[in-house]
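First to last, the protein sequences are chains A and B. Under our numbering, read the first sequence as residues 41 to 112, first letter to last. Under our numbering, read the second sequence as residues 14 to 384, first letter to last.
There may be inaccurate statements among the hints.
Below, simulated DSSO-like cross-link-like pairs (lysine-lysine); rule was C-alpha separation at most 27 angstroms, straight line [stated by the list, open to error]:
1. K88/A / K85/B
2. K63/B / K75/B
3. K128/B / K96/B
4. K81/A / K75/B
5. K104/A / K106/B
6. K104/A / K91/B
Hint data in this document are derived by calculation from the structure and do not stem from the laboratory.
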Amino acid sequence: MSSKAPSANNLNQARQTVQQLRLEARIERIKISQASADIVKYCNQHQKSDPLIMGIPASENPFKEKKPCTVL
Amino acid sequence: VQVNPVKSQPTTSPLIPEMATQEVQLNETLAHLKTESETLKTKLEEERAKLHDVELHQVAEKVEALGQFVMKTRRTLKGHGNKVLCMDWCKDKRRIVSSSQDGKVIVWDAFTTNKEHAVTMPCTWVMACAYAPSGCAVACGGLDNKCSVYPLSLDKNENLAAKKKSVAMHTNYLSACSFTNSDMQILTSSGDGTCALWDVESGQLLQSFHGHAADVLCLDLAPSETGNTFVSGGCDKKANVWDMRSGQCIQSFETHESDINSVRYYPSGDAFASGSDDATCRLYDLRADREVAIYSKESIIFGVSSVDFSLSGRLLFGGYNDYTINVWDVLKGTRVSILFGHENRVSTLRVSPDGTAFCTGSWDHTLRIWA
Numbered sequence: 041m042s043s044k045a046p047s048a049n050n051l052n053q054a055r056q057t058v059q060q061l062r063l064e065a066r067i068e069r070i071k072i073s074q075a076s077a078d079i080v081k082y083c084n085q086h087q088k089s090d091p092l093i094m095g096i097p098a099s100e101n102p103f104k105e106k107k108p109c110t111v112l
Numbered sequence: 014v015q016v017n018p019v020k021s022q023p024t025t026s027p028l029i030p031e032m033a034t035q036e037v038q039l040n041e042t043l044a045h046l047k048t049e050s051e052t053l054k055t056k057l058e059e060e061r062a063k064l065h066d067v068e069l070h071q072v073a074e075k076v077e078a079l080g081q082f083v084m085k086t087r088r089t090l091k092g093h094g095n096k097v098l099c100m101d102w103c104k105d106k107r108r109i110v111s112s113s114q115d116g117k118v119i120v121w122d123a124f125t126t127n128k129e130h131a132v133t134m135p136c137t138w139v140m141a142c143a144y145a146p147s148g149c150a151v152a153c154g155g156l157d158n159k160c161s162v163y164p165l166s167l168d169k170n171e172n173l174a175a176k177k178k179s180v181a182m183h184t185n186y187l188s189a190c191s192f193t194n195s196d197m198q199i200l201t202s203s204g205d206g207t208c209a210l211w212d213v214e215s216g217q218l219l220q221s222f223h224g225h226a227a228d229v230l231c232l233d234l235a236p237s238e239t240g241n242t243f244v245s246g247g248c249d250k251k252a253n254v255w256d257m258r259s260g261q262c263i264q265s266f267e268t269h270e271s272d273i274n275s276v277r278y279y280p281s282g283d284a285f286a287s288g289s290d291d292a293t294c295r296l297y298d299l300r301a302d303r304e305v306a307i308y309s310k311e312s313i314i315f316g317v318s319s320v321d322f323s324l325s326g327r328l329l330f331g332g333y334n335d336y337t338i339n340v341w342d343v344l345k346g347t348r349v350s351i352l353f354g355h356e357n358r359v360s361t362l363r364v365s366p367d368g369t370a371f372c373t374g375s376w377d378h379t380l381r382i383w384a
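Chain B extracted, bound-state conformation (with noise of 0.2 angstroms):
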């Protein structure tokens, strides 16, 4: 795009008070601005629709169908007082933290439903919570506005919350935090618009991330193969991906109609879903730059609060407003199962790590596991 330079400064009149002259070159330099940005975003959609010469699921058409699915509750976790707002597996397959309005956050085994440690939180609407990758910790927070540490003790009768360490500070709600490949940085993203990047330690911002116009509500790290790059979805209903080193936003979509309450990569890193009040799932890839699938019906009216793929990115789960999960065929964009269980919305849905089972919570304040 050739871009015109600014207009040099006109030559005034010495009748024309300085003020005026200021605020005449400012209005021309703003006006030639949002018309490069007009014809940016045009050109944007040019370049995008040049290489939309298929749809993923006619390039899908050969491949066999998917048989039929029998995916039941295997284990219900009952313990939370309230809703159930967010989930995270452990590394060990096994283990689960869980968070809730009711202001707890509870680690189960899954295999055998019982509680092994519970923290009150100073606050209620503890929103994200996040399993450390060695398993010997848990992050969480919320309306606190903060992202606690908790190292988790081997004696069940130790106070955790004396050890608790703040890490990460924002000017708003925790909507949700990840830790990297490591347990010593943890990546967040909040209601005040931004994401951040933070040394577990030492509590240091190591990176900040702006670009939402309005509250980023969820987050997903790439695979460790593909590098560097974490996704976001938020109120602007735009998806982010981010380089972490540079602070800067790589890519934007922008095709959502409403809030993007979840983010997923696709296993291979080339591609993630989101799950969106606008009861659509979309799947968008970034090496062609643009949406390549939308996951819906015109019977499913409610929003998608959640998303994971199954370990090889053929199934795609989506958690809803309306009680249910929606199985998704990814490569056909058709729906292959419907579940019902929970009494009302589901809030969060993990695949376990090797892909074995997935879980979900919910408003009926409990966690299903599903396999």
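So that you can see chain A by itself, here it is in the shape it has in the complex (with noise of 0.2 angstroms):
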């Protein structure tokens, strides 16, 4: 056989490709000016509670709080 002849291999994995791509190109989707709005609202919506965002009090946040003296 030619060295230029497609081995079983390739065709298998162009067809693998192709298959993957047809899906691929057939999934719905969303404009981002709607998806961008659902991330910033999900934002909106949590960022209150988020506690590396709002800082909460060095008594609530035990990484915060001066380690305990241990006595030796």
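Both chains are sitting in their own frames, so use the hints and assemble them into the complex.
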């Protein structure tokens, strides 16, 4: 066989690629304006309870408390 | 897209040897498939472009800007003898598991910085570790090509290695692992180019995921409300979204210019972020089926090793190979803070389960808790 002959592998891979692309081409998509609006909405709804954004008082954040002293 | 059926076989002259005929037919089929491939790719880009009516940061123009942030190192966890490669939080929001090039896996109490457990793996470069949802076990692996589960004993003197259970077997290094929503199943990604879902008890392979063209470096499970999918990123510059039940790749994104080291779902499950060796983080929306934001600066030229969102998804934290952490406003696309402290690459970064702090691991052998 000549070195240019396509192997069964190449053919299989090409078939799989085409099948995968057909699947991806078929999915339903929404506009970025709508997708973005939903992302913004989610942030706005949850931001007030995001400790790293709102900051929580040292007394409530175990990591901000001073480490307890140990008596040796 | 109208698909042209493969041409019917040409009539052959009795003078042409059979093999040459077959070769011609195979060549035609391959050529047809390649043409169809290209046509579909173009069509995909056209469909995605049609929906590109606005940028995320434009929609977010009216959103109030974030104030100044004061985030500092609150704890430093010292104990590893070499580069920290991976870490994960326990659901109790205080325990952490970390793994290192020195072959050790350590469980820490992050409040007190005490080490609660330590296991020595039979290999170096333990690149992946994960805490079980129950808090009663940890999983880890790396150059041994396996993912093993260690039940955590209450008895600190007990030898954890004795109870080790080998779960996953890949044909190349384990790059990431994650329990699903129970202690019973583990999802893994590997340098062998595949991801796989395993039953912990039996070690049985439940599903494998093929599609990446090179090493898979990272994965993240969708938040449980959004169903059975996960995203993976790899050296082929692709981020793939998979259906866990069928093994099918449902969406694929290829806009990064280099390896994708980290992927993380946005808390709503409708999008995910990625971090890459191309020094950018990107946000991909799953319903729009495209990249919707890039987080980059000309001054940032080192790769991103790890990304995670704050609880609301408004902030994106990125750990970089230039030893820093950059904090991004996800909506506006701007950097809000840069954090210094580590003395070598930041290799891993995770926000705590209740969002009160985040932890970073570094090649400087330490872990830091920031709040």
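* Honestly, which of those hints from before does the structure not fit? -> none
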